[in-house]
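Colleague: Protein chains in written order, with the numbering used here: chain F, 2 to 114; chain D, 98 to 208.
Everything labelled a hint here was simulated from the structure, so no lab data went into it. Among the hints, a few may not be true.
[As the list claims (entries may be wrong)] List of simulated lysine-lysine pairs, DSBU-like, C-alpha gap at most 30 Å:
1) F:K15 x D:K139
2) D:K139 x F:K58
3) D:K98 x F:K58
4) F:K10 x D:K165
5) F:K10 x F:K71
The lines below spell out each chain.
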Amino acid sequence: DGGITQSPKYLFRKEGQNVTLSCEQNLNHDAMYWYRQDPGQGLRLIYYSQIVNDFQKGDIAEGYSVSREKKESFPLTVTSAQKNPTAFYLCASSITGGWDEQYFGPGTRLTVT
Amino acid sequence: KQEVTQIPAALSVPEGENLVLNCSFTDSAIYNLQWFRQDPGKGLTSLLLIQSSQREQTSGRLNASLDKSSGRSTLYIAASQPGDSATYLCAVKGNNNDMRFGAGTRLTVKP
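Looking at chain F on its own, in the form it has when it is part of the complex (with noise of 0.2 Å):
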């Protein structure tokens, strides 16, 4: 089956540790997205990534670091910088970062304590 997988469905952690979020994907597509989504709000971009060894800032980048090393795996590291890191994280993908269709992972739930 073709699709985007994120590991673990929930994290827990404490305050002052750095935790990385993984996200796959097998459509061969080019162009990967982080997202956080809190309730009330819509999704906010934090990193994309058009192609390997690239990526850019989002909106909220910061506190948040990424790796693009191969066309599969794009994963999110959540640092102690990040002031409020409970949320829930949304990986998506696209053909290419242009207009086409974003695919999203079925999240990530974070609660940093």
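Since chain F is already given, all that's left is putting chain D on it; use the hints.
Modeller: Frame of chain F, contents of chain D only:
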């Protein structure tokens, strides 16, 4: 900066009703507009994508329209069913791969 608004935030209807969800955006210079469905605690499922040159798209009981000049899109759901209960999000893609999402309309269809 593009802003996307969805009104109402929540909607409850009896089964069988036809309904319309609204999405408005402030900058008419868009590439496309996409409607998504999100079930609680899950990812987004794409329902319909309308390119900027199109006025509507249809899939089954769903019809989405786009009026760029007025900055509006509507999602029409015919003969609603309890299984349609979910949050519906619209997203607008503009320049530089910039995709803006509304906060969504939470729909409940009562049997």
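Colleague: Report the numbers of all earlier hints that the structure fails to satisfy, in ascending order.
Modeller: 4
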